[in-house]
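Residue numbers (my numbering), protein chains in the order written: chain A, 1 to 311; chain B, 1 to 241.
What the hints contain is simulated information worked out from the structure, not anything from laboratory work. Any given hint could turn out to be false.
Once the Cα atoms are required to be at most 20 Å apart in a straight line, the calculated EDC-like pairs of lysine to aspartate or glutamate come out as [claimed, not checked]:
1) B:Lys-105 - A:Glu-71
2) B:Lys-128 - A:Glu-71
3) B:Lys-110 - B:Asp-37
4) A:Lys-221 - B:Glu-57
5) B:Lys-110 - A:Glu-71
6) A:Lys-218 - B:Asp-138
7) B:Lys-110 - A:Glu-298
Label-pair distances were calculated between CB atoms; the ranges are [to be verified]:
8) A:Phe-271 - B:Asp-104: 54 to 62 Å
9) B:Leu-145 - A:Pro-220: 42 to 50 Å
10) B:Ala-31 - A:Phe-65: 51 to 59 Å
11) A:Pro-220 - B:Ala-31: 43 to 51 Å
12) A:Val-261 - B:Thr-66: 50 to 58 Å
Backbone N, C-alpha and C define an ideal beta-carbon position, used for all residues, glycine too.
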Amino acid sequence: MRPAFSVILLTTLIGAGQGLFLTLFAVDAIGSLRGIPTAELRSFAVVGSVLSLCLCALGLVASFFHLGHPERAWRAAAGWRTSWLSREVVALPAFMASVAGFVMARHADSPAALWIGLGAASLAVVLFVCTGMVYVSIRIIREWASSLTVVNYALLGMASGATLAAAIAAFLDSDVKEGLVLGAMALIAAGLVTRGASLIRNARLPVKSTLQTAIGVKHPKIVQRSQGAMGGSFNTREFFHGQGADALRNALLGFLALGCVVPLVLLAFGFASAVTCSVAFSTQFVGLVAERWLFFAEARHPQNLYYQSIA
Amino acid sequence: MTQLALIIDLNVCVGCHACVTNCKQWNTSGAAGPLSDLNAYGADPNGTFFNRVQTFEVGEYPGTQTVHFPKSCLHCEDPPCVPVCPTGASYKRVEDGVVLVDYDKCIGCKYCSWACPYGVREFDEQRKVMTKCTLCVDRIYNPALPERERKPSCVLACPANARLFGDIHDPESEVSRAIREQGGYQLMPELGTNPSNHYLPRRKSELRIRADQLERVDNPRLIDTLPDTTRYAPMNADYDI
Ligand code: SF4
Ligand code: SF4
Chain A
1 MRPAFSVILL TTLIGAGQGL FLTLFAVDAI GSLRGIPTAE LRSFAVVGSV LSLCLCALGL
61 VASFFHLGHP ERAWRAAAGW RTSWLSREVV ALPAFMASVA GFVMARHADS PAALWIGLGA
121 ASLAVVLFVC TGMVYVSIRI IREWASSLTV VNYALLGMAS GATLAAAIAA FLDSDVKEGL
181 VLGAMALIAA GLVTRGASLI RNARLPVKST LQTAIGVKHP KIVQRSQGAM GGSFNTREFF
241 HGQGADALRN ALLGFLALGC VVPLVLLAFG FASAVTCSVA FSTQFVGLVA ERWLFFAEAR
301 HPQNLYYQSI A
Chain B
1 MTQLALIIDL NVCVGCHACV TNCKQWNTSG AAGPLSDLNA YGADPNGTFF NRVQTFEVGE
61 YPGTQTVHFP KSCLHCEDPP CVPVCPTGAS YKRVEDGVVL VDYDKCIGCK YCSWACPYGV
121 REFDEQRKVM TKCTLCVDRI YNPALPERER KPSCVLACPA NARLFGDIHD PESEVSRAIR
181 EQGGYQLMPE LGTNPSNHYL PRRKSELRIR ADQLERVDNP RLIDTLPDTT RYAPMNADYD
241 I
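Okay, chain B solo, but in the shape it has when bound (with noise of 0.2 Å):
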């Protein structure tokens, strides 16, 4: 069975906010209707949205890392979600795993959103409706868009390549393989959810060039291989009051 799921690569994420801002985007454009921003240009302005971007700071000065977090519904496997709602509105794909609320049947009684853990169901003000990310179900079967074109529009914004999506149950799939060899793991696993969306940790960087890849040695005048005194000798004399 399918499981779509986007992995987060918090290695490569510079917390820039084109995937939110492609999101809704997106996602206020549609057929199922606007997510409303309310009092946009006054002083406390606020609206819904279905993907934010956090920043967290890691460690103690000045030891410190700043992680920057996107968080979007999980499309947990076990969704405590879906069996809490009265009307039936919100419900989990077979095909495709796919959590998804229905804006016709919802009541808006936020009874799921107390379910959710993660604080990623946001209720719209105008709609008067429960809404969260659909994984764009209408970009990514959409014969009218190109093929390249059919995935969410937060990964195709990410201009750092830090989401990928596909199918975490398909084990040759890109996002299984990047699970299996980066190490990816999901979201508070001691709560039961089983989130499909799984993150990449952080990691040591490490600079993978051979100094052979910086000379050029087939250079006729030898240039780069010129010792430093030579290649350097001009900066050298900056200091050499």
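For reference, chain A alone in the conformation it holds in the complex (with noise of 0.2 Å):
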């Protein structure tokens, strides 16, 4: 598939989004419960989550751009009942609008904080599953069509989040951070796990349509000849990632480095200061951009079968 960066954009912004206010939220619930001075607890509770709505409204900007009519956007919310990118659609102003919430209650003191943000908890864990469930959903695409697609996406989320948590808490200098750093680094590397099975899973899945299947003729030996037209197509620019070999081991190689190896070495030696942390949350967001970049790539769509060559 061809990798589409306002698509790319969209899911990393928001998992990180998502994640962030995942993170604070349970840090301030834990908090709150164990009697930590509220003051201190809750300008990093406003802080982050007024960070989490800017991602998420960033990437609500950025999934504008995909679309040929943004105009008819709110159309999209039609299809919930069958289609999990309109749940998704409907999910994210949700989850934006229960975060900004949480915000104006957690500002006041207000006893309320604690039940809009478990509501708002939980409409993240819905979004995490609507976006990953887009994907899965299509079937015939193998590469996507695995539960681990949702784990992936919703564990690699978290881990940026946890991560901006983690520089948040060095920034306001609180003593949460420490505990942030490690949990960050047990998500990343628990995404790096998911991740490189899903690689794995991927690399070993065996062929299901064929040439032969898609024309129905049974000969082991058929050579496409013409594609019916000279100059492309749709079909040769939207499935298709146009880049060779070499695009996707560097793509794979920038998730590894990038988005894990780089972010857990910094985390683990930094000593939980600001810098190291948001350094570490940067590079950590490249690499999740290269590893969305990656996803899509390595999707094969059994409609390339019938685009093998032009003439």
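Combine both chains into one complex, guided by the hints.
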């Protein structure tokens, strides 16, 4: 598949936003129960939630660039009964609205903040599932049609959100920063393991559709001589990444190095300082963009069987 | 319940692209808007088509066969492209099974084209909506057209008669009989889309002409039945040097 940059940005940005909110809400809730001074916790929760909102808003803006008719985007809520994309479209603004509610309640030190936050946290989880299912539900792209897709997406989003939460805590010099650094490292490691599992799974996927089933001729040797058009088409643009094997390898290296190893090292040996944590987050984000690129590029669409040679 | 469909006879298709041309002509002229072409006279021309004819070579030289393979939306009975559409713009009509896109509702997210395994949905770069074969819904029920022209454009254009159109749920229809009697099959049956369009396979062609059909037995001068030597005399002479 051709990696669509608007979608890559959408998924990486909102993933980080959701991960950030889930992390800070967990810290906030546990902290309040343990009786940590509320003023310190409050500024962490409020700053973090506002940042989470900004990330989601940026992601939302990016997603509009994917649409042919952005002015009709509101219609995308209509298909929620059957379409995971529609469910994602409903869940994202709902999550953002509840985070905004949480910011206001927490800022005012209202006891309702806990309940609103709980709602927002559940919506964050729902949104992770929806976004993952958008890809899983395209059953014919077998690289995507696995529960690992949802797990990876949620874990990697959680990991980047937790790193960002650690950076915020470090800036505010909050007591929770060491704990958050540890949490972020655990999430990065977990994401690395599950994404690795999906890479191995995809490399071993048996072939299901062939040129033989595509045109219904059983002969083992079939070669395409023409695809009905000389200058390419939507089909040659949308479903091929158009890069050599190098690009795929580089994306994989980018994910492993920038998305996992560098942030792990920075977090482990950076003394939870504001600078190292924020550098760790930025590098990780670039690495996760590479991971998303790879996710699209490694997906082989069966329609490509019909578009193997132009003439 | 009716399920309209096309049956394409690969044994007959000669790869002339008449169906492609007539499809484009009809569907670019309709009320739904043009099927736009980009850079039509430039170095890299491309555009939106509902129907394309592709060519495959089967076998190994010298024992090869050329298979011309027309491909358009198969109007699947379980279309994976429909439930994924977030707006409901993509739908399958209950009354005749035609899968359509409502161009006024489509937001151009292209998600449906990811779900279709056959690569027959094409995003129109000018109108910014997803487009696909409509089975010429604006022809087949059109009272302004003479009865015999109420068929999809591609079917009318085919000079070899490789395309049949009809209701595959009616066991006595021409298309059902063709599927039954000539081994009609579906594309990528392993994906569970249950396409309505079927293809008729390549067959071994036999000449079904008897000798008495070549010779006019009632010819009073019996010219047809004269011995070979006389019949081909001038030709034999050519080789007789
Ligand atoms: S051929 Fe593709 S576009 Fe047509 S109904 Fe089937 S899945 Fe949908
Ligand atoms: S491109 Fe249009 S028809 Fe296709 S899924 Fe999106 S809104 Fe539906």
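The hints, checked one at a time:
1. Simply put, Lys-105 of chain B and Glu-71 of chain A have alpha-carbon atoms about 11 Å apart, close enough for the 20 Å limit, and the pair holds.
2. In summary, the hint linking Lys-128 of chain B to Glu-71 of chain A is supported, as the alpha carbons are separated by about 12 Å, within the 20 Å threshold.
3. Restraint check for Lys-110 of chain B and Asp-37 of chain B: satisfied, since their Cα atoms lie roughly 19 Å apart, inside the 20 Å limit.
4. A hinted pair counts as satisfied when its Cα atoms are at most 20 Å apart, and Lys-221 of chain A with Glu-57 of chain B qualifies at roughly 8 Å.
5. Taken as a hint, the Lys-110 of chain B and Glu-71 of chain A pair is honoured in the structure, with Cα atoms around 16 Å apart against an allowance of 20 Å.
6. Only pairs whose Cα atoms come within 20 Å are accepted, and Lys-218 of chain A paired with Asp-138 of chain B is rejected, the gap being roughly 37 Å.
7. The straight-line distance between the Cα atoms of Lys-110 of chain B and Glu-298 of chain A is roughly 19 Å, inside the 20 Å bound, and the hint therefore holds.
8. Range check, Phe-271 of chain A to Asp-104 of chain B: about 59 Å between beta-carbon atoms, so the 54 to 62 Å window is met.
9. As the Cβ distance of Leu-145 of chain B to Pro-220 of chain A is approximately 46 Å, the hint placing it in 42 to 50 Å holds.
10. Between Ala-31 of chain B and Phe-65 of chain A the CB atoms are about 30 Å apart, so this pair departs from the stated range of 51 to 59 Å.
11. The supplied range of 43 to 51 Å is met by Pro-220 of chain A and Ala-31 of chain B, whose beta-carbon atoms lie about 47 Å from each other.
12. Range check, Val-261 of chain A to Thr-66 of chain B: Cβ separation about 53 Å, and the 50 to 58 Å hint holds.
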